[in-house]
Amino acid sequence: MNFEAAVLELLDRREIADLIHSYCFHFDRSEPEKVAGLFTQDATLDYGPESATIVGAEAIASTIAVGLEHTFAATSHHVSNIQLEFEGPDAARAVTSLYAWHRYADGSPDGELWGCYRHRFERTDAGSWRIAALVLEAAGTSNFHRQTMHPIGRR
Amino acid sequence: MNFEAAVLELLDRREIADLIHSYCFHFDRSEPEKVAGLFTQDATLDYGPESATIVGAEAIASTIAVGLEHTFAATSHHVSNIQLEFEGPDAARAVTSLYAWHRYADGSPDGELWGCYRHRFERTDAGSWRIAALVLEAAGTSNFHRQTMHPIGRR
Amino acid sequence: MNFEAAVLELLDRREIADLIHSYCFHFDRSEPEKVAGLFTQDATLDYGPESATIVGAEAIASTIAVGLEHTFAATSHHVSNIQLEFEGPDAARAVTSLYAWHRYADGSPDGELWGCYRHRFERTDAGSWRIAALVLEAAGTSNFHRQTMHPIGRR
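Residue numbers (the numbering used here), protein chains in the order written: chain A, 1 to 155; chain B, 1 to 155; chain C, 1 to 155.
Quick caveat, the hints were computed from the structure, so don't treat them as lab data.
These numbers come from a predicted model, not from an experiment.
Think of the CB as a built atom: it goes at the ideal place given N, C-alpha and C, for glycine as much as any other residue.
Heads up, a few of these hints could be off.
Stated by the list, open to error - In silico DMTMM-like pairs for lysine to aspartate or glutamate, Cα to Cα no more than 25 Å straight-line:
no.: 1; chain 1: B; residue 1: K34; chain 2: A; residue 2: E85
no.: 2; chain 1: C; residue 1: K34; chain 2: B; residue 2: E87
no.: 3; chain 1: B; residue 1: K34; chain 2: A; residue 2: E137
no.: 4; chain 1: C; residue 1: K34; chain 2: B; residue 2: E85
no.: 5; chain 1: A; residue 1: K34; chain 2: C; residue 2: E137
no.: 6; chain 1: C; residue 1: K34; chain 2: C; residue 2: D90
no.: 7; chain 1: A; residue 1: K34; chain 2: A; residue 2: E15
no.: 8; chain 1: A; residue 1: K34; chain 2: A; residue 2: E137
no.: 9; chain 1: A; residue 1: K34; chain 2: C; residue 2: E85
no.: 10; chain 1: B; residue 1: K34; chain 2: A; residue 2: E87
no.: 11; chain 1: C; residue 1: K34; chain 2: B; residue 2: E137
What the hints assert, rightly or not - Quick partial rundown of chain C residues pointing at chain A, CB under 10 Å, derived from the structure:
no.: 12; residue: V66
no.: 13; residue: E112
no.: 14; residue: G115
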C-alpha cells in the first residue's frame, strides 16, 4: 500500500468537502461573488428544468445575486452524505444530500427541499479544487418556489 | 505513534461512512437489492417494536421492497454526526444522527423522523466492510407511519 | 510535504468533529454533566441575546440542566458542513451548520432552528481537545422558544 498516496487522497477529500461547505456558507450569507469563486471559469450550474443552465463563474455570480436579493429573505443549506469518487488525479464526482430551508422575501410560507447535489470537481493548474459542474436534484419539496425539479432517479 | 495504522483507520472510517451513505442513497432511489447488498448475510435490521427484526440480507431486500413500493412515494435520508468506535481490527460500532423525510403513496401528510441509527459493522473475509446490525431509534416523529419507535435513550 | 504532520492534523480534525457530535449526543439524551465535560473549565457558551453568556463548565452543566428538564420533552441536533481552521497547534475555530428540532414539555408546537455553531477549540495540557467557546447563530426559526437570536451574518 502507498501510504503517501492515501494521505494525499484524504487531503483532497477534505478540500473538496470544504468546497461543498463553502458553497452553502456563502450562499446563506448572500455572497454571490464568493459562491462563484468556488467554480471553474467554464463551470455549469443547473438548478432545474425551469431555468436555463448557468455557464461560467461570472454568470453564476450575477444570476445567483438576483435570487439572493429578491427571492430569499434567508436560506439554510445543510449538506451531508457526501459520496465522492475520483476519476483521475485531478477530477472527481460526488453525490451529496441536501436539506435546504428557505424564507421568502415576499412572506410566502417557508420552502423546503430534500434532495441532492451532483458535483463534478476539477483540480486547477494552481493546485486547488474547484466545482466544474453542479446539478440540483430533488426527492421532494414543500412550498418551494420552483414546481418542477430534476428528480433524484427513484425507480 | 504508528502512522500507517492511523492512516488505515482513517481509510476504514471513510469506507464505513460510505456504507452508511450508500444505505440512504439506495433506499431513497428504491433499490432494495442494493440496500441489502450492504449488509452481512446474517445481519439484523430492527426498525422498531411494531415490526419483527429482519434477519439476513435476503429478507432485508424483500421486506424493504414492500415498503418502497407500497408505502412511500419518495424518501430522503440525511445522516450526520457519525460517532464511530472500533471494537477490534474487523469490528466497529457507530451512532449516526438521522433526519428522514417521507412522502406517502396514499397522499397522507409528509412524515418526518428525527433520531439515529445504531450500527454494528464487520469487515468481511473479502476485506470490505458490511453492516452487521442496524437499529433505528427516534427522538421524535411527525405524521410518521409508525406510532411506536425505539427511543434514543433520553433520561 | 510532511506526511506525519498531515496525518496528525487529520486525526485532530476527527477528534474535534467527535467533540461537536458528542455535544449533540449528550444534549439530546439530557446529560448536562456530559455536555459540560466537553468544554474547558473557563469556556463561554452564548445561546443568544435573550440570555446571559454562560461562563465555565460548572455553570454550563447547571444552566443546561434547567432547559433539559423543564423546557424540552425531546430534542434532535443535526450538525454538518463543519468548516474547521487551525490557529496554531493547539487552537482551532469552526463554523458548523445546525438543524435542530425541539419538542416542548408544555405541548407547544415543535420548534425548529436552522443556523450554525461558531466554535473555538483548545487542546488541553492532557492532550485532548475541548470546546473553549460556542456561539449559536440562527438563519431562521419556526415556533422556537426564543424570539431573538444572533444572526448568521447574511448581508
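- [ ] Could you tell me which of the numbered hints above are not met by this structure, giving the numbers in increasing order?
- [x] 12
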